[in-house]
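Colleague: Sequence:
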Amino acid sequence: MGEPGGERLVRDGASWRRATILELFFDLVFVFALNRISLRLLENFHAGGLGFSAFAGTLLLFLGLWFMWQTTAALTSRVHPDSRPGQFIVFSSMAGATVMAVAVPQGFEERALVFAGAWVVVRLSRLLVYLMARQVRTGGSSLPGLLSLGGSTVPWIAGALVHDPLLRGGLWALALAIEFPGFVVGFSRWAGKQVAGEHLAERLQQIFLISLGEAVFVSGRAFSDSDLALAHGVGFALAFIGIVQLWRIYFYRAGLVLPRAITAARDPTRQSLAAALTHLIMISGVVLAGAGFELYIIEPTGRSEPTWLVAILGGPALFLLGRAPFELQVFGRISRSRLVGLLAVGVLVPAAWTAPPLVAGAGATAVLAGIAVADARRARGGASAPPSPLM
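In our numbering, the protein residues as written are 253 to 643.
Take these hints with a grain of salt, some might be off.
[Stated by the list, open to error] Across the chosen pairs, the derived CB separations fall in these ranges:
id : residue 1 : residue 2 : range
1  : GLU295    : MET643    : 37 to 45 Å
2  : GLU361    : GLY598    : 29 to 37 Å
3  : THR553    : LEU365    : 36 to 44 Å
4  : GLY403    : ILE586    : 15 to 23 Å
Simulated from the structure, these hints should not be mistaken for laboratory data.
All values reported here derive from a predicted model rather than from experimental measurement.
All C-beta atoms in this analysis are idealised placements derived from N, C-alpha and C, irrespective of residue type, glycine included.
Based on the provided sequences and hints, a complete structural model is requested.
Modeller: Right, dumping it as structure tokens:
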């Protein structure tokens, strides 16, 4: 936005607290990206199970896409999205994420160079923006972030060029291991404590809702592709109830008051980055659970595949594994229902090992519903506690 003396590039206390239309437009790419990840997971499950190589490859692709989203959201919490540099960051990230998502079905195989190349090009474009706008005072030095760019580019490209899946996975894991700490340190120094915390919180809420939308899409498509028999209808009903419970558990109450928690934190930047990490775990769980929904909708009483439990039970468990520390970040405590729910999912594993997929799905949905009921009872028991962030 223009102002006397030049274009205002950096957010301040009076600037936007809500996501802009441009940022919501950017999020549309991740509707497509999460769908590609889900389809890749399902192809692996239907092809005979999810082996370590297939799981690791899909995980690395997902982490690459997530890091693209997270860094863009973090940067636009400090840089005005409607400024020229802000628009360049968003549109270049949007283009890069689209290419990466297109490559996902074979992103760890024949299209590895396309996936890695798109990520590196976006990172280099951000370096160009930094160099062009370096005269603008935006906070501390971003040298750690620039060093992480230089250190991660080589393993990204080298991993794409090698043919050994194990070596490729190791190089890409190294690239991400360099990228993430470099970004955390660089962004913390660059943004200081002036990050738009309410904006980042809203962005995390939005990407979580997108993951729920993907679960709805996968479940609806599976039911539509079935013969609409009673068992398929029961499976779809269980999936829908499960999605609603995931929504309720997330937003009660940590997800709902996250903007207030970040604003009240002693260090909003650190609190935001910590919340992003727990959202990564929760969203991973939702995407995995969505794959499980399709599995037991399509074949509710079919053959028993123990590896399918990775999605049907592992997805909800992974969501709870992220939700527990998220509550700790916001309120400084963990509700007992989260831990009991995790234990209950673990107990279901041996019971569901040889049972039809629909039975495992019913068990997972029952656990989520039980947690939601416990939350509702606690809500009626007294006044809502204010956020008490750890950082």
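Colleague: It remains to establish, for every hint, whether it holds in the given structure.
Modeller: Evaluated hints:
In this structure, GLU295 and MET643 meet the distance hint of 37 to 45 Å, their C-beta atoms being roughly 40 Å apart. Under the hint 29 to 37 Å, the C-beta atoms of GLU361 and GLY598, about 34 Å apart, fit the expected range. Roughly 43 Å separates the CB atoms of THR553 and LEU365, a value that falls within the hinted 36 to 44 Å. About 36 Å separates the C-beta atoms of GLY403 and ILE586, a value inconsistent with the hinted range of 15 to 23 Å.
Going down the numbered hints, you'll see the structure goes against just number 4.
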